[in-house]
Amino acid sequence: MVLEHLIDISLLVFLAVISVALLRIKDLFAAVMIFGIYSLTSASLFMVLAAADVAFTEAAVGAGISTILMLATLSITGREEKTIERKFKLLPLLIVSITGAVLLYGIRDLPPFGDAGNPAQVHVAPRYIEQSPVETDVPNIVTSVLASYRGFDTLGEVVVIFTAGLGVALIIGRRRRLPSKKEASSHE
Amino acid sequence: MIVAAALAILVAMSMAIVRALLGPTIYDRILAINLFGTKTVMLITLIAALAGRADYLDIALVYAMINFIAMIAVLKFFEYGSLGHAGSDGQGE
Chain A
1 MVLEHLIDIS LLVFLAVISV ALLRIKDLFA AVMIFGIYSL TSASLFMVLA
51 AADVAFTEAA VGAGISTILM LATLSITGRE EKTIERKFKL LPLLIVSITG
101 AVLLYGIRDL PPFGDAGNPA QVHVAPRYIE QSPVETDVPN IVTSVLASYR
151 GFDTLGEVVV IFTAGLGVAL IIGRRRRLPS KKEASSHE
Chain B
1 MIVAAALAIL VAMSMAIVRA LLGPTIYDRI LAINLFGTKT VMLITLIAAL
51 AGRADYLDIA LVYAMINFIA MIAVLKFFEY GSLGHAGSDG QGE
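Those sequence lines, one after another, are chains A and B.
The first sequence begins at 1 in this note's numbering and counts up by one.
The second sequence begins at 1 in this note's numbering and counts up by one.
No wet-lab data here; the hints were simulated from the structure.
A few of these clues could be false.
Examples of chain A residues toward chain B, derived with CB under 8 Å [what the hints assert, rightly or not]: (1) L12; (2) F14; (3) V17; (4) A30; (5) M33; (6) F46; (7) V48; (8) G64; (9) I68; (10) L69; (11) A101; (12) V102; (13) G106; (14) D153.
A few chain B residues facing chain A, derived, Cβ under 8 Å [said to hold, decoys possible]: (15) A8; (16) M13; (17) R29; (18) T40; (19) M42; (20) Y63; (21) M65; (22) I66; (23) F68.
From the three backbone atoms N, C-alpha and C, an ideal C-beta is built for every residue, glycine too.
Bound-form chain A, shown alone (with noise of 0.2 Å):
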């Protein structure tokens, strides 16, 4: 139990450090390999809060494409931020403090973490774990609920997924195609 404790804690430090690091680099491609680490920090962080599909899809898309995806639009604008002028400014800092202050002060009515009389534990988690191994026969109760009981819920996701993906393919692909095919000519 208490190297799970330090687990957790080394994992957010390590948030916070990184977090500070990013805003104060000034070189942007450090800064893409930078948030990089930062993803897959906080996926170990979801693997520890035994949430495996979460830190997955944190895994690929924050880790994966969204690496790539920053690394082409650097290759477009530039590899340095430009500098601003740094002026310190009282309404900023007062909004963030009241709206953390509200924050901290709102975790105070949620529900003990982990308590097994929790809404969300009492609801219709426990009809899911009695019967999703008889009813769909998926051995894992998270991949049940995502890929029976609300099966067309993830359809409709990944219909989604895949027309935005579909749209960037079509905005971003046609520009890469064009000096190729010139290229391809030019071989004949």
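Knowing the structure of chain A, use the given hints to seat chain B on it.
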């Protein structure tokens, strides 16, 4: 034993972060993120051992593959400036 392994992995992770933050050249940072990905894989296997769940090991394997593919993509991008480049002799056309 498992405590020693956890401490070693966490120390290695923090050293990789330090290298990624300081790293004077691009290759230091690329190597640091690659190392950090490998350490993430090891941390997940450690969590699998701690939680007693063997199915986490599959996820560690998938992480290793993602890490490998992402690293190839980053290096290829850094070398050629695009992912569609077929190499120097244009065999992909």
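**Asked** Taking each numbered hint in turn, which are not upheld by the structure, reported in ascending numerical order?
**Response** 1, 6, 10, 11, 12, 13, 14, 15, 19, 21 and 23
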